[in-house]
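Got chain A sorted already, so can you dock chain B onto it with the hints?
Chains A and B, in that order, are what the protein sequence lines are.
Residue numbers for the first sequence follow this note's numbering, beginning at 1 and rising by one.
Residue numbers for the second sequence follow this note's numbering, beginning at 1 and rising by one.
Be aware that one or more of the hints could be misleading.
FRET-style restraints, in silico, Cβ to Cβ [unchecked claim]:
1) A/270 with B/7: 52 to 62 Å
2) B/77 with A/275: 16 to 26 Å
3) A/343 with B/296: 23 to 33 Å
4) B/235 with A/107: 33 to 43 Å
5) A/377 with B/77: 30 to 40 Å
6) A/185 with B/296: 18 to 28 Å
Negatives, chain A to chain B, calculated, CB over 10 Å [unchecked claim]:
7) 72
8) 155
9) 364
10) 375
Don't read these hints as lab results, they were simulated from the structure.
C-beta atoms are modelled at their ideal positions from N, C-alpha and C, and glycine is treated no differently.
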Amino acid sequence: MESRPTLPAQLLSFGEQLRDEGVSVGTSELLDCFAALAQVSWTSQADFKEALSATLAKSPEDRRTFDRVFDRFMFRAVEAQAIGPEMSERLGEGGGAAMQDLSGSELEALREQIAEALADGSEGALRDLALLAIAAFSREAEGSGVIGVDVQRIRRALGLRAEQQQPGPHGQDARRPGLSREALRRFEALLREELERAQARRTQKLPPARPLNELDRALPSGPLADLAAVHRVVAQLRRRLATQGMQARGRRTHAHVDVRRTMRASLQTGGVPVELKFRPRRPRRPEIYVLCDVSTSVTSASVFFLSVLHALHDAFRKMRSFVFIERVSEVTDVFEHERDFRAISEKIGKDAGVADISGYTDYGRVFREMLELVEDDLHPRATLIVLGDARTNGRDPRSDLFGALAAKAGRTFWLNPEPRLYWNYGDSVIAAYERHCTAFECWTTAQLEDFVKALTRPVNRAA
Amino acid sequence: MEPSAPRTIADVEEGLREAGYLPSRAAALVSHLAVTLGKPVLVEGPAGVGKTELAKALSSMLGRPLVRLQCYEGLDEAKALYEWNYRKQLLRIQASESERQDEWESLQEDIFGEEFLLTRPLMRAIASEQPVVLLIDEIDKTDQEFEAMLLEVLSDFQISIPELGVVRARTQPVVVLTSNNSRELTEALKRRCLYLWLDYPCLEHELAIVRLHAPELSETVARRLVEVVGMVRDLDLKKPPSIAESIDWARALLLLGASDIDTDTFNETMSVIVKHRTDMDIVAERVGIKLGERAEAERAAEGADASTVDLST
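Chain A with its partners taken away, still in its complex shape:
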C-alpha cells in the first residue's frame, strides 16, 4: 500500500488527464479541489465526485468530459489494484458466470429483472443489469464495433419492446411487454454508456466524440454541429450592437444639456444649477436587414450563411431577412415560425419563391427589388448586411442601386464567402460595392468573430 501514489499525486494526475481532454484546470482549481475534499465524506462516491466536479468542471461541456474521464480514471485505478489477468477476468465476469450458456429461461429471467428495475427506477440496479446484459452478449457474439448497433442488438435479444403506441383492439390485456418508452430509453442510455466505457477501456482512449474544438475547418461541413458555434458568435454580436450606444456615450465629448431637467434639479440646491442634466443618449435598438445569396455559386457557403441567419433571428427581434438568387424574396416568416434548422433550409430551398429560373445571381435586379421592398422602411439606425459573393455572371452590378440602399441604411456590411485573394477576379465585382459598404471575408466562425469585433470599432459616419 505504501508504494502506491498518494492521493494528491492521484488527483494531480487526474487534473492532468482533464487538461489533456481540453478542460482548463488551473492550479487554483486544484487547490480548491483539495479544500473541498476536506469537507466531504469520501465514502460516498456521489459526494466525492460532485465535490470534484464543482471545483474542476465549470461548464456543461466540461461536465460531460469530466464524467468520462472520472469513470475512466476510477476504472483504471480499480484495474491497477486487481493485479494479474485472472483478477480482471473475474471482474469482467461480474456475475456473468450464470450466463455461460444462455438458455431461454435465463434470458427471460434477465428480462423480468430489467423490467422490474425499470419500473422501480433504481439507477444502480439498472446499471448492474446493463453490465450483466453486455457481459452475456459479448460472450455470445462479437460486438459489431458500432455502439448503436450493439445497443439495439442487445435490446432485441432481450425482447424488450416499447409499449404500443395505439392500444389496439386487444390492447389492454396484452400486459406482457408493457415497458414505457421513457424507461426503455433510459436503459438504452445505460447500455450505451456502459458499452462506451468498455470501449474506452479497450482502446484506453476517450471516445472521439467532441468535434466542437475544431471549428476552424475550411468550410463548415456539418451545419447542425456548427450551428451552436455560430449561435454563440451571433449572441456576442447582439451584445455588441446593443451596447454600442454606451460606447458612443463614452466617446462623445459634448452632450446636450436638458435645460428643463437641469432647472428642476437646481431647485434642490436653491436654484443653483449644481447638477447638469443631460439628454439621455438612447442606446440604439438594432434593426437588421439581411440579404442572403443562396445561389449555386455559393452552395457550400450558403449553409453557413443560413445558419448565420438562423442565429441572427434567434438573437434579434427587429430583423427582416431576404434570400435571393435571381430575385429577392422575404423569408422572415419562415424563420419566425420554424425553429428547426433543417426544416428551415428545406423550406427555403423548396418554396421560398426565389424564382430560380437560370440559377444565376442577378445582383442588379436583386438590388432594384430590394430597394422597392424596403426603401420606405430603412432608416439611419438600421444595419444592412449582405451575404454573397458579388459574382454577377456578367450582368450589370448596378452599384448605384446598392449605393442608394446603403445611403438609406445607417450601416452596411458585406460578408463575402470567398477568400480575399479571389475578389475582383472573373465576374466578381465586390470592388464596385465596396465603395458603399465595408466588406469582410467570412467563411468560418473565426472570421465571423472578426466581423463582430470590427463592428465594435468606432464608426466614422456623419450622425
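Okay, now just chain B, sitting in the frame of chain A:
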C-alpha cells in the same frame, strides 16, 4: 462563524428544506462547500430551475440578510459598487465659507469620507456589519468588463476606492452568482467560483417540490401535472416550462378546483406553462392528443372492470 452554521451536508439539506427549498444532493453539497470554504458559487442552468431561489433559501437558512444585484446590459460600477454623492459634496463645500488653506485641506479630506459615499449592492455586501448572502443575478447579462471588475470582489472580498483606499469585508459573505448560460463567462471568473449545474429535476423530485408549494393539491393530480410538464419539456419548444411555472399551474388548478387534468382543463390552463404563440400550437397538438388517448384508454379500462355499470359515470 455564526452559531447557526451547518456542519454537514445533511444539515444543509435539512436547513434548505426548512427554508422551503428542496435541494438536490449536488445543490446541498455545493452550498455546504460554499459556506465552509467561503468561495462564491456560480449556478448555471435553464431559466426557472430555482437558481435565484437557492440563494434566497440559503439566506433564510443562514439567517443572513440577502443583498441582491440584478445584472443587466450596461450595468456599471456606479450602480454596482459605489458612487460619490457629489451633490452633497458640493453643498458641503458651499457651506464652508472660509477660504483659508488649512481648512481647505481638511475639507478635502472630509468630502471624500464615507459620509458622502452612496453604497450600491456590492459595496453594501462588503461593508455590512453582519454577514450577508450576496446574490449576483444573471451575471451573463453584463459585459465582460463588468465581470473583470467583479474579480477583486470575488477573490479577495475587497473593493478599492481611489480616494478612500481599500474597503475590506468585515465578514465573509456567501456569494451566489447565477447565469442562464446565454454567453460563456470568462475563465477568470469561473476560476474563482465553485460550479453548480442545476437542471430540470427528475419526476419524483419535481413532484415533491410541487407538493411542497401546493400542499392542498391531491397526490394524483400533482403526479399527473408533473408528468404532463415533463411531456411538454420533451417537446422542442422555444421556452420549456420551468419549475416555477409548474408550481403556478398547480396553484391555478387548485383555484379552479380541478380534480384531474383532462384535455379541456389542459387547454384552458395551458397558458400558465407555455408562453409562446408557436409553442402553444405545438403543445396543444401533441399533448392534447396524448391526454385524449389516455382518457379514452382509462374509460375503456373502467368499462372492462364494471361492464354492467352505465357509462354516465
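Quick rundown of the hints versus the structure:
Remark: the range hint 52 to 62 Å for residue 270 of chain A to residue 7 of chain B is upheld by a beta-carbon distance near 59 Å. Separated by about 19 Å at the C-beta atoms, residue 77 of chain B and residue 275 of chain A satisfy the suggested range of 16 to 26 Å. In this structure the hint that residue 343 of chain A and residue 296 of chain B lie 23 to 33 Å apart at CB holds, the actual value being about 31 Å. The supplied range of 33 to 43 Å is met by residue 235 of chain B and residue 107 of chain A, whose beta-carbon atoms lie about 36 Å from each other.
Restraint check, residue 377 of chain A to residue 77 of chain B: a C-beta distance of roughly 39 Å satisfies the suggested window 30 to 40 Å. In this structure, residue 185 of chain A and residue 296 of chain B meet the distance hint of 18 to 28 Å, their C-beta atoms being roughly 25 Å apart. Residue-level check passed: residue 72 of chain A sits 21 Å from the nearest beta carbon of chain B, beyond 10 Å. Residue-level check passed: residue 155 of chain A sits 21 Å from the nearest beta carbon of chain B, beyond 10 Å.
For residue 364 of chain A, the condition that its CB be more than 10 Å from all CB atoms of chain B holds, with the nearest at approximately 37 Å. Against the 10 Å criterion, residue 375 of chain A stays outside the reach of chain B, whose nearest CB is about 30 Å from its own CB.
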